[in-house]
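Starting from the known structure of chain A, fit chain B onto it as the hints suggest.
2 protein chains.
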Amino acid sequence: MAMGSLWSYISCDCICLLSSLLYGSSVSDTVDRFFGENHFSTYLSHVVIHRTSKLRSVVDKAKKLYKQVKHKKQDKKKPMRFFSRKDTPEGHYESVLQELEQDIRMGQAEVSAPGKEVRAAFVSFKSRYGAATALHMPQSINPTYWLTEPAPEPHDVHWPFFSASFMQKWLAKILVVFACLLLTILFLVPVVLVQGLTNLPALEFMFPFLTLILSMKVVSQIITGYLPSLILQTSLKVVPPIMEFLSSIQGHICHSDIQKSACNKVIWFTIWNVFFATVFSGSAFYKLSVILDPKEIPVKLAVAVPAQASFFIAYVVTTGWTDTLTELFRVVPFMVSYIKRSFEPSDDNEFVVPPMRYHRDTPRVLFFGLLGITYFFLAPLILPFILLYFCLAYIIYRNQFMNVYAPKFDTGGMFWPMIHYTMIFSLVLMQAIAIGLFALKKMELATYLLVPLPVCTLLFNEFCRKRFMPIFTAYPAEVLTKRDWEDRNDPRMPEFYNN
Amino acid sequence: MAMGSLWSYISCDCICLLSSLLYGSSVSDTVDRFFGENHFSTYLSHVVIHRTSKLRSVVDKAKKLYKQVKHKKQDKKKPMRFFSRKDTPEGHYESVLQELEQDIRMGQAEVSAPGKEVRAAFVSFKSRYGAATALHMPQSINPTYWLTEPAPEPHDVHWPFFSASFMQKWLAKILVVFACLLLTILFLVPVVLVQGLTNLPALEFMFPFLTLILSMKVVSQIITGYLPSLILQTSLKVVPPIMEFLSSIQGHICHSDIQKSACNKVIWFTIWNVFFATVFSGSAFYKLSVILDPKEIPVKLAVAVPAQASFFIAYVVTTGWTDTLTELFRVVPFMVSYIKRSFEPSDDNEFVVPPMRYHRDTPRVLFFGLLGITYFFLAPLILPFILLYFCLAYIIYRNQFMNVYAPKFDTGGMFWPMIHYTMIFSLVLMQAIAIGLFALKKMELATYLLVPLPVCTLLFNEFCRKRFMPIFTAYPAEVLTKRDWEDRNDPRMPEFYNN
Numbered sequence: 001m002a003m004g005s006l007w008s009y010i011s012c013d014c015i016c017l018l019s020s021l022l023y024g025s026s027v028s029d030t031v032d033r034f035f036g037e038n039h040f041s042t043y044l045s046h047v048v049i050h051r052t053s054k055l056r057s058v059v060d061k062a063k064k065l066y067k068q069v070k071h072k073k074q075d076k077k078k079p080m081r082f083f084s085r086k087d088t089p090e091g092h093y094e095s096v097l098q099e100l101e102q103d104i105r106m107g108q109a110e111v112s113a114p115g116k117e118v119r120a121a122f123v124s125f126k127s128r129y130g131a132a133t134a135l136h137m138p139q140s141i142n143p144t145y146w147l148t149e150p151a152p153e154p155h156d157v158h159w160p161f162f163s164a165s166f167m168q169k170w171l172a173k174i175l176v177v178f179a180c181l182l183l184t185i186l187f188l189v190p191v192v193l194v195q196g197l198t199n200l201p202a203l204e205f206m207f208p209f210l211t212l213i214l215s216m217k218v219v220s221q222i223i224t225g226y227l228p229s230l231i232l233q234t235s236l237k238v239v240p241p242i243m244e245f246l247s248s249i250q251g252h253i254c255h256s257d258i259q260k261s262a263c264n265k266v267i268w269f270t271i272w273n274v275f276f277a278t279v280f281s282g283s284a285f286y287k288l289s290v291i292l293d294p295k296e297i298p299v300k301l302a303v304a305v306p307a308q309a310s311f312f313i314a315y316v317v318t319t320g321w322t323d324t325l326t327e328l329f330r331v332v333p334f335m336v337s338y339i340k341r342s343f344e345p346s347d348d349n350e351f352v353v354p355p356m357r358y359h360r361d362t363p364r365v366l367f368f369g370l371l372g373i374t375y376f377f378l379a380p381l382i383l384p385f386i387l388l389y390f391c392l393a394y395i396i397y398r399n400q401f402m403n404v405y406a407p408k409f410d411t412g413g414m415f416w417p418m419i420h421y422t423m424i425f426s427l428v429l430m431q432a433i434a435i436g437l438f439a440l441k442k443m444e445l446a447t448y449l450l451v452p453l454p455v456c457t458l459l460f461n462e463f464c465r466k467r468f469m470p471i472f473t474a475y476p477a478e479v480l481t482k483r484d485w486e487d488r489n490d491p492r493m494p495e496f497y498n499n
Numbered sequence: 001m002a003m004g005s006l007w008s009y010i011s012c013d014c015i016c017l018l019s020s021l022l023y024g025s026s027v028s029d030t031v032d033r034f035f036g037e038n039h040f041s042t043y044l045s046h047v048v049i050h051r052t053s054k055l056r057s058v059v060d061k062a063k064k065l066y067k068q069v070k071h072k073k074q075d076k077k078k079p080m081r082f083f084s085r086k087d088t089p090e091g092h093y094e095s096v097l098q099e100l101e102q103d104i105r106m107g108q109a110e111v112s113a114p115g116k117e118v119r120a121a122f123v124s125f126k127s128r129y130g131a132a133t134a135l136h137m138p139q140s141i142n143p144t145y146w147l148t149e150p151a152p153e154p155h156d157v158h159w160p161f162f163s164a165s166f167m168q169k170w171l172a173k174i175l176v177v178f179a180c181l182l183l184t185i186l187f188l189v190p191v192v193l194v195q196g197l198t199n200l201p202a203l204e205f206m207f208p209f210l211t212l213i214l215s216m217k218v219v220s221q222i223i224t225g226y227l228p229s230l231i232l233q234t235s236l237k238v239v240p241p242i243m244e245f246l247s248s249i250q251g252h253i254c255h256s257d258i259q260k261s262a263c264n265k266v267i268w269f270t271i272w273n274v275f276f277a278t279v280f281s282g283s284a285f286y287k288l289s290v291i292l293d294p295k296e297i298p299v300k301l302a303v304a305v306p307a308q309a310s311f312f313i314a315y316v317v318t319t320g321w322t323d324t325l326t327e328l329f330r331v332v333p334f335m336v337s338y339i340k341r342s343f344e345p346s347d348d349n350e351f352v353v354p355p356m357r358y359h360r361d362t363p364r365v366l367f368f369g370l371l372g373i374t375y376f377f378l379a380p381l382i383l384p385f386i387l388l389y390f391c392l393a394y395i396i397y398r399n400q401f402m403n404v405y406a407p408k409f410d411t412g413g414m415f416w417p418m419i420h421y422t423m424i425f426s427l428v429l430m431q432a433i434a435i436g437l438f439a440l441k442k443m444e445l446a447t448y449l450l451v452p453l454p455v456c457t458l459l460f461n462e463f464c465r466k467r468f469m470p471i472f473t474a475y476p477a478e479v480l481t482k483r484d485w486e487d488r489n490d491p492r493m494p495e496f497y498n499n
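Protein sequence lines correspond, in order, to chains A and B. First residue of the first sequence? That's 1 in UniProt numbering, and the numbers climb one at a time after it. First residue of the second sequence? That's 1 in UniProt numbering, and the numbers climb one at a time after it.
Isolated chain A, as found in the complex:
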């Protein structure tokens, strides 16, 4: 029986993570016995994961040394650089390399010892169907004992959490949730600052010495029109890396999952901290009181959202347009790499193609979608600006995807559900604002007639969840069997699979 490729896209592997040893003494024995007995018809083999951090650090050190030696030789050819380094005699490198070789040998010896095994293994199956079976079925009576996950692509693996048990991962997840809440609350500081800047008289009252400067028309225009967006945008730049870090300690075993989780966090953070925090400008406690009083939300939104229309139009121009344009020229990465090269000389041929950072750009595009949907009937003036933004974004991101970024992993369309849910949220929010607006203008009939609209939107969402969501969570038996037939190159493959 032919085996599917080990690291194929619909993989024949899954990763099993076990929290304690059962049968034999080693992880390898336990995995082999468990899968050999419970999935005997499809189980093929397994590879236990070893902890090689020591070995890896030694290898990294050797690589760095090699780079230094290589660079030294090149330096002799082109002597001009911004910063030159002290010379070290070549005999020194030789002795260091010998030491490293010794270290690597010792590390390899240590790794092959059974004590270094991590309680996780890559398990291979005879067919994709078999792997999917092992993936979907609960393994043991205690569901925290054996965890199976689909094996990620080889360069997509995130190693640190292979040794984490169910409890550790669960605790990490809860801690991350609390950290996100804390970050959301702390972020209100720059938002409140932004709101303070749009209110010049209050600023003059607090800092009387500024009166002279603030009375200049240009300064006041910059401060009220441009500075708030700038501060907001600068502080927002910090959020995606923080969210990515939080997602990375959450227990995911591949980078694509981390990016997905970070993207989700950044979307809700942006919606809450940019949209709601700006709309309900005021103290944090006032914002809390708004959530805790859901009956009043539509009316409060109807009062607060239209008031911020001019701010958000400015936001589309300052943040949206400039962001897409800086994305085109990649100003920040260019400057960073220029400065880095001056300080740390490296091989010029060693150019790494940057990966797309979905968790930074997807929430931004979705946020402008939210602005467009919620403001189109309150302040239609926002529409041309947003239209221009989307046109720009389409052209520029299309170019970036084709010519600049190299995909680090296949997303498999996994970001689509997030986009769907954000759209549904935007629609329901818009409908809630419309209800609030009609209630505010004492149009009772219109208010009551609008109430079924969000209910219908939510029902539509529920239908989509039932009809389309399963496609995103697992491959169906039909697809798996078709792929298995193709792998076997069997001429008896049923005809209908060729459609």
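Derived from the structure by calculation, the hints contain no laboratory data. Accuracy of the hints is not assured; some may be wrong.
Below are the BS3-like pairs computed for lysine-lysine, each with C-alpha atoms no more than 30 Å apart in a straight line [unchecked claim]:
hint	chain 1	residue 1	chain 2	residue 2
1	B	LYS441	B	LYS300
2	A	LYS295	B	LYS63
3	B	LYS482	A	LYS466
4	B	LYS482	A	LYS126
5	B	LYS63	B	LYS408
Only chain B this time, still in chain A's reference frame:
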């Protein structure tokens, strides 16, 4: 390869429901091709379900006729009955039976025709492991096309929804949710009536002619102390059958699922309509305003809940104690069956052992648990009454389970998650009331120190959901493979399975 028993507890069957035909012209062909190709290693056979309502009605008619003829013969021996019937000549029965025989033959001929097939089939697999695989794995690219469900026990099957498509089931579910909401709102009428009765002056004001009667001490005691509970209890009796009916049109394919779903509905209906509606006595709109203002809930609960302590103590005595005692003597079923027998004479040997009605009794017991947990620190006087109730209930239900009821289906412990969730809800409610009480008494430190308590309860619930919930949803591979080994009676069965 030996096959597991067709209707065993962990079944080798699953039911597939398909919404449209794909390959061949008949359902049987489609099922055979799909499972034969996509689950070729484990698929054994299938039985397509036929619509036999016409045949069944004819068979039922024949059975009834048989009963009548039999009863007629017995009647001749014992001529005394409350109500006698007109005699019919015996020749009449003969001609009717001949007609029926003809009908049954025609019905069978119709059923074997392929046009009468329903788009559902019982699919059998070579092993339990194979059946579980087909159950867990999504089948086709369109997830609404093939639905697989575990096959219920034979006498547990609920036939009407085998022909329903995914969309029909989904719409039925949404309609049932709206029906439940409507019922909850309509049920506020008797509750408001109950609340009116506890307020005698208002009653006297509304119906002045009652003043004379109400001034008698015995009458007023009965009206304020006993009548409210009686009205509430009588109207509550109607709820379980209604909820069972609603669950039965929701698309479930077995009676045990219907009972589970009805039990869930009755639990939340009881908690909302007896506990909350009584506590927040007043108009329906006032109650709505309470949910829509979650910040104020703890404080409002802290005011309203202690005020109803005496009502709930009376409720435990009148409803709890009397209910368990009537359960012991089964007064209502006894009277119903006595009256029924007088009107419709039947064979005395034909005694059907009644099944346990979980959806009627489980919510009641859980509700007294809720009362005990929420009132133990507000009105400790309720505790001895509840303790006595639980002792009585333990003894009586133990007896009923052992000597009176015959299990209609194996619940498989599936009611446990409901009990767990209700307990967690009771705990969080109690903690919310405690927080509200401390806030009301201006003990700020105690209030803030108590806030982490419900958070911890919810975290505990989340842990239990992760750790124990999977056991209730599916059998793990370990158990399935062990059962498969046992079925095969293979001497090579691994030793560790004998533990």
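LYS63 of chain B paired with LYS408 of chain B [C-alpha distance capped at 30 Å]: 22 Å, holds
Holds or violated: are the alpha carbons of LYS482 of chain B and LYS466 of chain A at most 30 Å from each other? Status violated; Cα separation ~34 Å.
Is the hinted pair LYS295 of chain A and LYS63 of chain B satisfied, with a Cα-Cα distance of at most 30 Å? Given that 30 Å is the threshold and the Cα spacing comes to 60 Å, the pair is violated.
Proposed proximity, LYS126 of chain A with LYS482 of chain B (alpha carbon, max 30 Å): With a Cα-Cα distance of about 22 Å, the restraint between LYS482 of chain B and LYS126 of chain A holds, given a limit of 30 Å.
Hint consistency between LYS441 of chain B and LYS300 of chain B [alpha-carbon to alpha-carbon, up to 30 Å]: At roughly 13 Å apart (the allowed maximum being 30 Å), LYS300 of chain B and LYS441 of chain B satisfy the hint.
The structure fails hints 2 and 3 (numbered hints given earlier, in ascending order).
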